[in-house]
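Taken in sequence, the protein lines are chains X and Z. With the numbering used here applied, the first sequence has no gaps in its numbers, which climb one by one up to 150 at the end. With the numbering used here applied, the second sequence has no gaps in its numbers, which climb one by one up to 626 at the end.
Worth flagging that the hints you see were computed from the coordinates, not collected in a lab. There's no promise every hint is true.
Said to hold, decoys possible - Not everything, but these chain Z residues come out facing chain X in the computed CB check (under 8 Å):
| no. | residue |
| --- | --- |
| 1 | Ser350 |
| 2 | Lys400 |
| 3 | Pro414 |
| 4 | Arg416 |
| 5 | Arg553 |
| 6 | Arg581 |
| 7 | Pro583 |
Virtual Cβ for every residue (Gly too), placed ideally from N, Cα, C.
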Amino acid sequence: MASMSDSNAVVASKGRWEHFPHAADVGVRGFGATPAEAFEHAAEALTAVVTHARVEPRHPVEVNCASPDLELLFVEWLNAIIYEMAVRNMLFGRFVVQIDDTRLKGQLWGEPVDVERHAPACEPKGATYTALKVAADSNGTWSAACIVDV
Amino acid sequence: MDLNRFTRMDATTWRIEPYGAMRVPAIIYADENLIRDMDDKVYEQAVNVAMLPGIVQASYAMPDAHWGYGFPIRGVAAFDPDQGGVVSAGGVGFDISCGVRTMLTGLKVPDVLPLQKSIAESLFRQIPAGVGSTGAITLDPASMEAMLAGGAKWAIRQGWGDSKDLERIEEQGLMAGAEPDRVSDRAKERQRREMGTLGSGNHYLEVQAVAEIFDANVAGVFGLALNDVVVTIHCGSRGLGHQIGTEFLKEMAIAAKDYGIELPDRELACAPINSDVGQRYLGAMRAAINCALANREILGHYARRVFDHFFPGNELRLLFDVSHNTCKLETHAVAGKRRSLFVHRKGATRAFGPGHESLPLALRSVGQPVLIGGSMGTGSYILVGRTTGEEKAFSSACHGAGRALSRHAALKQWSGRKIVDDLAAQGILIRSPSTRGVAEEAPGAYKDVGAVVAAAEAAGLAGRVARLRPLICIKG
Numbered sequence: 001m002a003s004m005s006d007s008n009a010v011v012a013s014k015g016r017w018e019h020f021p022h023a024a025d026v027g028v029r030g031f032g033a034t035p036a037e038a039f040e041h042a043a044e045a046l047t048a049v050v051t052h053a054r055v056e057p058r059h060p061v062e063v064n065c066a067s068p069d070l071e072l073l074f075v076e077w078l079n080a081i082i083y084e085m086a087v088r089n090m091l092f093g094r095f096v097v098q099i100d101d102t103r104l105k106g107q108l109w110g111e112p113v114d115v116e117r118h119a120p121a122c123e124p125k126g127a128t129y130t131a132l133k134v135a136a137d138s139n140g141t142w143s144a145a146c147i148v149d150v
Numbered sequence: 151m152d153l154n155r156f157t158r159m160d161a162t163t164w165r166i167e168p169y170g171a172m173r174v175p176a177i178i179y180a181d182e183n184l185i186r187d188m189d190d191k192v193y194e195q196a197v198n199v200a201m202l203p204g205i206v207q208a209s210y211a212m213p214d215a216h217w218g219y220g221f222p223i224r225g226v227a228a229f230d231p232d233q234g235g236v237v238s239a240g241g242v243g244f245d246i247s248c249g250v251r252t253m254l255t256g257l258k259v260p261d262v263l264p265l266q267k268s269i270a271e272s273l274f275r276q277i278p279a280g281v282g283s284t285g286a287i288t289l290d291p292a293s294m295e296a297m298l299a300g301g302a303k304w305a306i307r308q309g310w311g312d313s314k315d316l317e318r319i320e321e322q323g324l325m326a327g328a329e330p331d332r333v334s335d336r337a338k339e340r341q342r343r344e345m346g347t348l349g350s351g352n353h354y355l356e357v358q359a360v361a362e363i364f365d366a367n368v369a370g371v372f373g374l375a376l377n378d379v380v381v382t383i384h385c386g387s388r389g390l391g392h393q394i395g396t397e398f399l400k401e402m403a404i405a406a407k408d409y410g411i412e413l414p415d416r417e418l419a420c421a422p423i424n425s426d427v428g429q430r431y432l433g434a435m436r437a438a439i440n441c442a443l444a445n446r447e448i449l450g451h452y453a454r455r456v457f458d459h460f461f462p463g464n465e466l467r468l469l470f471d472v473s474h475n476t477c478k479l480e481t482h483a484v485a486g487k488r489r490s491l492f493v494h495r496k497g498a499t500r501a502f503g504p505g506h507e508s509l510p511l512a513l514r515s516v517g518q519p520v521l522i523g524g525s526m527g528t529g530s531y532i533l534v535g536r537t538t539g540e541e542k543a544f545s546s547a548c549h550g551a552g553r554a555l556s557r558h559a560a561l562k563q564w565s566g567r568k569i570v571d572d573l574a575a576q577g578i579l580i581r582s583p584s585t586r587g588v589a590e591e592a593p594g595a596y597k598d599v600g601a602v603v604a605a606a607e608a609a610g611l612a613g614r615v616a617r618l619r620p621l622i623c624i625k626g
């Protein structure tokens, strides 16, 4: 998996996800044995854009999305999380994804934002199609990445 | 960037001749140092924009351009609807109508300094900033519709503003052609509790001092003198704009194929102006412009409340309120002919020159104030639109300093706590809910805003009027 990592990545977590630099915004990349697992870990990277503190998985939220291909579906997934973060004023720390062709069902677990404890750094506005890639490497490890506008 | 890839037209004009699928040239305005330091991605993205259908004259990038998504950030492009021209959700960006307003306090630095700390604390309490902050305003469905249709005028009707502001807000405070019913329920839901909030990232409210005057005549017309104190607010349409951007980006990325548009980059997602999705986007985007205008009017009202507490009877007079993430239908001279064009400005400030009919009479003789945000430590600039700006880039100028380092690199290099302490030692009080956010926005992570505005002036886009130095910065 190390071979897939961006040498410029400065925040990473146990090989599951990483951030990669972009001039004004930030890139998120998740790795996994399946696309669904890569999506789950990329969602952890999205939360880490906002906070480095632990997010307690207290309340479940379900999201459903659909897109014509896997890459668009990935952006849709991240945008579904961004939406739930915004309207519920929550952060999420645990994710389970099921992908069925062009449809995705996601479970998020999280808690309301605690400004003191989470010290949120910035608010993601939306996931973009820039540096968007969902693919498997020659070892069969999937990665899912794109730039998030903050 | 390799300068050999350009035809250098003059000291600040760098032209990429059309090649491949480019329909027009791409032009970057910058001095030699700025363009040398620019990311190669700016070149690539400016070239990609030049490939879009119906583009007129050239694809432009301002001196503070950097790698964006789809369009370069600080990109400008105009499209002709009668020549298959497109409107692009990516060309406007997520934070629709993000912009800057500057208000004159009528106070001098010595009036404010003894109260600087108390004003900072009060502004920090009164202005909801950062993730997890909620405003004092909750909109029900009827008020949401009224806000989206009414812009700053709506805010003033609610008692959150001053009708004298209207002539000094772009579109006189109300964007015509807004269609609230084109805005999805999800976008409205995202905005329900966000009116009167600052947001995060590079958004801020600053109390600033006029530190230098470049053009005494224009400064006089703008009402600016040395050591005057002003309040500047930088923010946009909050969650509503972000959600509209997200939804139309997807719809346009998928629909482009149906319209036979070959996208060099999916993020350039666009649709013909004269198409169903193009028209729906314009209606929704204009509603988001109204949301941003209303939001800045409300934030201005909060700032007024704080200043009125410390300086009873004090009036914060609006100098100007101008957006830098929009697509606007404007008339411009192209090769001697007036044409109606849809001008996209993504992180580029509209900069109308003297005589423009949309400007209030008090400003018309000199041109539009162009408000340029710098970083927390280095300060900001007020420029004025130039007549030459129309021919150069459809009356557009830069937006701010532009980042020199990514958020990551900034975070590695600086501690937020130390930045707050260092700036306090220089007389600049920072208040933010997030020290990490402060580190990511460290002054050193930004390019030299002085070089950017000097290049904008040399290129004939806008002229320098005054430099502002921060006294207080409320950072989201």
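Consistency of the hints with the structure:
no.	hint	verdict
1	Ser350	holds (4 Å)
2	Lys400	holds (7 Å)
3	Pro414	violated (12 Å)
4	Arg416	holds (4 Å)
5	Arg553	holds (5 Å)
6	Arg581	violated (13 Å)
7	Pro583	holds (5 Å)
In summary, the numbered hints that this structure violates are 3, 6.
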